[in-house]
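Engineer: Sequences are here, hints too, so could you generate the full structure?
Protein chains: 4
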Amino acid sequence: MADAAVRGARKAGHDVETVHLSDYIEGMLGDCRQCRLADGSCGIKDNYEDLLVNRVVEADALIIATPLYWYGMSGRLKTFFDRFFCYTSNSSPHQDAVTKGLTNKRVAVVVSCEESYRGATVGLVTQFQEITRYLHQELVGVVIGVGNSRGEVASDPGRPLDAAEDLGRRLFDIRVTDYRIDTPRSNRVWATSPAAAGAHADDADDA
Amino acid sequence: MADAAVRGARKAGHDVETVHLSDYIEGMLGDCRQCRLADGSCGIKDNYEDLLVNRVVEADALIIATPLYWYGMSGRLKTFFDRFFCYTSNSSPHQDAVTKGLTNKRVAVVVSCEESYRGATVGLVTQFQEITRYLHQELVGVVIGVGNSRGEVASDPGRPLDAAEDLGRRLFDIRVTDYRIDTPRSNRVWATSPAAAGAHADDADDA
Amino acid sequence: MADAAVRGARKAGHDVETVHLSDYIEGMLGDCRQCRLADGSCGIKDNYEDLLVNRVVEADALIIATPLYWYGMSGRLKTFFDRFFCYTSNSSPHQDAVTKGLTNKRVAVVVSCEESYRGATVGLVTQFQEITRYLHQELVGVVIGVGNSRGEVASDPGRPLDAAEDLGRRLFDIRVTDYRIDTPRSNRVWATSPAAAGAHADDADDA
Amino acid sequence: MADAAVRGARKAGHDVETVHLSDYIEGMLGDCRQCRLADGSCGIKDNYEDLLVNRVVEADALIIATPLYWYGMSGRLKTFFDRFFCYTSNSSPHQDAVTKGLTNKRVAVVVSCEESYRGATVGLVTQFQEITRYLHQELVGVVIGVGNSRGEVASDPGRPLDAAEDLGRRLFDIRVTDYRIDTPRSNRVWATSPAAAGAHADDADDA
Numbered sequence: 016m017a018d019a020a021v022r023g024a025r026k027a028g029h030d031v032e033t034v035h036l037s038d039y040i041e042g043m044l045g046d047c048r049q050c051r052l053a054d055g056s057c058g059i060k061d062n063y064e065d066l067l068v069n070r071v072v073e074a075d076a077l078i079i080a081t082p083l084y085w086y087g088m089s090g091r092l093k094t095f096f097d098r099f100f101c102y103t104s105n106s107s108p109h110q111d112a113v114t115k116g117l118t119n120k121r122v123a124v125v126v127s128c129e130e131s132y133r134g135a136t137v138g139l140v141t142q143f144q145e146i147t148r149y150l151h152q153e154l155v156g157v158v159i160g161v162g163n164s165r166g167e168v169a170s171d172p173g174r175p176l177d178a179a180e181d182l183g184r185r186l187f188d189i190r191v192t193d194y195r196i197d198t199p200r201s202n203r204v205w206a207t208s209p210a211a212a213g214a215h216a217d218d219a220d221d222a
Numbered sequence: 016m017a018d019a020a021v022r023g024a025r026k027a028g029h030d031v032e033t034v035h036l037s038d039y040i041e042g043m044l045g046d047c048r049q050c051r052l053a054d055g056s057c058g059i060k061d062n063y064e065d066l067l068v069n070r071v072v073e074a075d076a077l078i079i080a081t082p083l084y085w086y087g088m089s090g091r092l093k094t095f096f097d098r099f100f101c102y103t104s105n106s107s108p109h110q111d112a113v114t115k116g117l118t119n120k121r122v123a124v125v126v127s128c129e130e131s132y133r134g135a136t137v138g139l140v141t142q143f144q145e146i147t148r149y150l151h152q153e154l155v156g157v158v159i160g161v162g163n164s165r166g167e168v169a170s171d172p173g174r175p176l177d178a179a180e181d182l183g184r185r186l187f188d189i190r191v192t193d194y195r196i197d198t199p200r201s202n203r204v205w206a207t208s209p210a211a212a213g214a215h216a217d218d219a220d221d222a
Numbered sequence: 016m017a018d019a020a021v022r023g024a025r026k027a028g029h030d031v032e033t034v035h036l037s038d039y040i041e042g043m044l045g046d047c048r049q050c051r052l053a054d055g056s057c058g059i060k061d062n063y064e065d066l067l068v069n070r071v072v073e074a075d076a077l078i079i080a081t082p083l084y085w086y087g088m089s090g091r092l093k094t095f096f097d098r099f100f101c102y103t104s105n106s107s108p109h110q111d112a113v114t115k116g117l118t119n120k121r122v123a124v125v126v127s128c129e130e131s132y133r134g135a136t137v138g139l140v141t142q143f144q145e146i147t148r149y150l151h152q153e154l155v156g157v158v159i160g161v162g163n164s165r166g167e168v169a170s171d172p173g174r175p176l177d178a179a180e181d182l183g184r185r186l187f188d189i190r191v192t193d194y195r196i197d198t199p200r201s202n203r204v205w206a207t208s209p210a211a212a213g214a215h216a217d218d219a220d221d222a
Numbered sequence: 016m017a018d019a020a021v022r023g024a025r026k027a028g029h030d031v032e033t034v035h036l037s038d039y040i041e042g043m044l045g046d047c048r049q050c051r052l053a054d055g056s057c058g059i060k061d062n063y064e065d066l067l068v069n070r071v072v073e074a075d076a077l078i079i080a081t082p083l084y085w086y087g088m089s090g091r092l093k094t095f096f097d098r099f100f101c102y103t104s105n106s107s108p109h110q111d112a113v114t115k116g117l118t119n120k121r122v123a124v125v126v127s128c129e130e131s132y133r134g135a136t137v138g139l140v141t142q143f144q145e146i147t148r149y150l151h152q153e154l155v156g157v158v159i160g161v162g163n164s165r166g167e168v169a170s171d172p173g174r175p176l177d178a179a180e181d182l183g184r185r186l187f188d189i190r191v192t193d194y195r196i197d198t199p200r201s202n203r204v205w206a207t208s209p210a211a212a213g214a215h216a217d218d219a220d221d222a
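Order-wise, the sequence lines are chains A, B, C and D. Under my numbering, residue 222 is the last one in the first sequence; the count climbs by one each step, no gaps. Under my numbering, residue 222 is the last one in the second sequence; the count climbs by one each step, no gaps. Under my numbering, residue 222 is the last one in the third sequence; the count climbs by one each step, no gaps. Under my numbering, residue 222 is the last one in the fourth sequence; the count climbs by one each step, no gaps.
No lab work stands behind these hints, which were simulated from the structure alone. Source: prediction; values computed, not measured. Hints may be right or wrong, so weigh each one.
No copy labels: a pair is met if it fits in one copy or bridges any two.
As the list claims (entries may be wrong) - Within a straight-line C-alpha distance of at most 16 Å, the following computed EDC-like cross-link-like pairs (lysine to aspartate or glutamate) qualify:
1) Lys60 <-> Glu41
2) Lys120 <-> Asp197
3) Lys115 <-> Asp197
4) Lys120 <-> Glu73
5) Lys120 <-> Asp75
Structural biologist: Right, here's the structure in full:
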């Protein structure tokens, strides 16, 4: 699905770089007071800093792919997030660049999952919603494909590969809202709606 | 979206009846000890009994459509569920028929929503998952369309009408699982997977 | 539990009024274009307007009590929220007063529930979080008590009545945060922490 | 909070062993096809096998403590779960013992969290609910304490340390239910309820 989303983004004209977390992340977040180097840098010896500072921070959008493990993201992806801490805390020489660099991105998520019941992924969707809100990012979509063996989501009759490609293609076009009661807005969501004039949300209660 | 899902189900050869809750439900669940008639029947004067006993119980599947109001289903749809109680409690003459009739159905849900952020519908999806689990029903899918005025979801570039039609079409074909650790199953989800032989879930951690 | 929360709030010196929704709400949200009176007022004939305009809007805080029905709030409470719409839409003569009056309140929730597993109430907690966020309200706490017959939560060994009373007592004292990455804050949450000097969030990973 | 929960469990007469994940878990789940030893054992070089096979599997209950990192459990705790896979898959010599050993436990969770808004932990609670359901475990409770520096939850006026101690003390006494519509049960939850005779769930709708 990651490949499909990337394909979609490329079709839309975007430059995309694909990285595998296993090439960058070996160590988990520990006790910074023990790990931290004299200049405040993270002392964990792997390629995380290259990933975060040179690739993630520089990107305008992230497409995050993870299997569903134990009703959540993989431990490696979780570690990707946990270690943001070492680069955004007061002691880090990267604090300003990374803090600023993480915000205002668009984020799309694709999840492969052995099970197809909806409750399996609710906790994960909630978590991505909160993470992106905290970071002033826009969560543009989450596509879930059912499969267990590598590549098997291609056989999911729900066609998650098509959905992932579409998500990638519309990565910068998808409208994301998070209103409060006093947010000014029209009673039409879509400017070019073909719906008949006069229709109005007032009359929606005929479920 | 309800129309699209119905169209899909009809294309798959199913008989579909459409009902509007506002034609059947006027009263909310009250204090059964005061409302209940001498024979244990519900005394609320509207057409709910006809809806529940003659239509819902008789169906093999339900396609439920609701706007998202206050991050949940409409109060009328909630009342549809609340009043199950009066027909499944010990005092009801309908207890056995309704209790048995509610279980083992397939349930699809379509939601129209002004907002597009994912967190807006997480609580509702969770609730439908729990309701269907409690009733031994299978929740085959939830499609969410963004729109505010009547018919406006047709303009949602995420194409929820297509997704709703597809959900209706595959209503009885969608695979729903809810595994425990000791549930026997293959390491392939889809029998006819085109994925290369030898691929295996073991190697999924390269998100 | 509602009584316990009220008792707590009174002990803290607050004026509290208790209302039962069944005394105020009979009708569900319908099609405003048909119900609405000539001056834009809601035409549903019950005491909702008195409840909303004279009681809810005037309060500094709300303690909301509901049983868990079908993994959500009662249909009557849901209707309480649904009908906000008729008073905050452009056509309502109450729009400004009600919109302004609903915001900036503290909200506490107490839920009685037959079941004790945690997943039963997750959807409802999510929904209250979203509702209060939308309304610029502060959700100060949710207490869940297990019981099925009236008053039975008093026997719950988790002591929800004590928790509800405590919630009421601290209604205006509870600290509610919802940070973003750039929210300025100390690395200490509690000003008067007795924890040893030098301890720091950096070292929290020894779960 | 972990200490408080342990203290409670000890007061109730249970033998409790405390372990720190950082003493046992260094490596994350990788590609089993590359890591796995000739006899099917996990080849990751740390003390995880001792933890899982000799401690976790042998226990009757688990008290799991984690900080809330990025709206989820720590990456190290997530890795604790992810690596169950290597011991429950067909190739593992431990499969039967670990699979059987993980089920039918009681699980309590304590979470320390900088933020106090309820939505922050909803995803995590959902995830623990799903994990324990999958493993036929009983999730007896989740206690959330607010604090940022080590030990600071002691200052949380919500008294999470007391709640954690109580959770530990009642670890084997807490009633956990997960009903379906056809689950036989009384309309009283608590056998020794002091509530007045005649009260009944039928009349609960006066929220």
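Engineer: May I ask which of the numbered hints given earlier this structure violates, with the numbers listed in increasing order?
Structural biologist: none
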